[in-house]
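2 protein chains.
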Amino acid sequence: MSESLIRVSEIFGPTIQGEGALIGQPTVFVRTGGCDYRCSWCDTLHAVDSSYRHDWHPMDAAGIFAEVERLSGGTPLTVSLSGGNPAIQPLGGLILLGREKGYRFGLETQGSLAKDWFADLDVLTLSPKPPSSGMEPDWDAFQDCIAAAGANTRLALKIVIFNEADYAFAKDAVARHPDLPVYLQPGNHTPAAPAEDDTTIDMDGIMERMRWLIGKVSADRWFDATVLPQLHTLIWGNLKGV
Amino acid sequence: MSESLIRVSEIFGPTIQGEGALIGQPTVFVRTGGCDYRCSWCDTLHAVDSSYRHDWHPMDAAGIFAEVERLSGGTPLTVSLSGGNPAIQPLGGLILLGREKGYRFGLETQGSLAKDWFADLDVLTLSPKPPSSGMEPDWDAFQDCIAAAGANTRLALKIVIFNEADYAFAKDAVARHPDLPVYLQPGNHTPAAPAEDDTTIDMDGIMERMRWLIGKVSADRWFDATVLPQLHTLIWGNLKGV
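For the record, the sequence lines run as chains A and B. With this note's numbering applied, the first sequence corresponds to residues 784 to 1025, in that order. With this note's numbering applied, the second sequence corresponds to residues 784 to 1025, in that order.
Check each hint, because a few of them may be wrong.
Copies of the same chain are indistinguishable here, so a pair counts whether it falls within one copy or spans any two.
In the BS3-like style, the derived pairs of lysine-lysine whose C-alpha atoms are separated by at most 27 Å in a straight line are [said to hold, decoys possible]:
id, residue 1, residue 2
1, K954, K884
2, K954, K999
3, K999, K884
Don't read these hints as lab results, they were simulated from the structure.
So here's chain A without its partners, still in its complex pose (with noise of 0.2 Å):
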């Protein structure tokens, strides 16, 4: 594959960003093929795992424009660059490319991998994972992310959470990062559902710890924090595309 192509899992939207700090508006989701981390609860293991790999799809920078513009009729909106890890696609001339038609991106990764151009994106999602992905962060990198992302690229660091080690995790990863405006996410153990039709969810699960994320954090008076389901799960389920 040549360095230029991009390995494309899947393209849809527009929908709604479902998480993080950008939840609820409009976007198209550009969602990348391979990732350096094997999470034990992945939710996207259609784009992680390299069994699926046959459906990923080399593509360059123009091709996937093209069809970005397409789903969006050419009105800009905010572009989500997803995975996978997105950080270890090409993904710098899409940027360029969409930016110059006034198409805004912002990208989630696990922050294990910098790169130059995140410095344009408009928003930068880090996500390290917490105890129960099974991960382990590595701080060094993530903090080459931030320094990469520059004064101009909006951050926000998100973290989910399952259970009491996870929690305490995000503590400490915000005392290393206490800049950093920071959005809790209860943990999702509904199986990664690739299938179109499954859309049976852990409903009581998410709402169970969303509960209890409220709880821990108001008893902490941990107010800069921000509590926040995956609303695309509530309002899909796990479905692909949506």
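Knowing the structure of chain A, use the given hints to seat chain B on it.
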């Protein structure tokens, strides 16, 4: 009742703000009693209908703020002033008292009554009522609210949408006030439930309207709208005090 006394329906929290511009942020609610509107689908009748007036307590600013401080453990946060229509009440003193201690204030009102002290708020959410409410907005009074807020108060437009007529109303409201960020919120048909044990909600209806609204906004390329449900309703139903 003295002119400086505030009619309080309930003070509760910390919990999260469930809707609009501050969604997910920890807050203490001060809900005042009394309203100049009677929306057909009102979900807080216990703070609107005068048959509940014996549950409303006249309190002064110091008494209310003492309770806010107690609930928040003296750690500043955003206080949500809600109702009923809180603009009816003399809240200017409470806001000044809180700001001295580092607290911030958000207020939501239909925009029927402008007050000088809107300028001391951090966020003023104006929620003009759509046709399904049975009410008619007074756009002159609405404009007075914007003027009263001035340059230092962040403004947001929030519109509840049940149907096509409400959606058209939202488009008209935005055409009148193109500079305001707009939040569209699917209507909630759940009957107001002041009873503490009623957690039955119209979840399917809310989610159906959420999907419909996202589809409308996408088809119309209305990409600067933000579409958000009432999170507190999804989490707790129409329970009071959360």
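Indicate which option fits the pair K954, K884 if close means a Cα-Cα distance not exceeding 27 Å: within, between, both or neither.
-> between (39 Å within a copy, 25 Å between copies)
Same-copy or cross-copy closeness of K999 to K884 [CA-CA at most 27 Å] = This pair counts as between: shortest inter-copy Cα distance 24 Å, intra-copy 44 Å.
Is the C-alpha distance from K954 to K999 at most 27 Å within one copy, between copies, in both cases, or in neither?
-> within (11 Å within a copy, 39 Å between copies)
Checked against the numbered hints listed earlier, the structure breaks none of them; every hint is satisfied.
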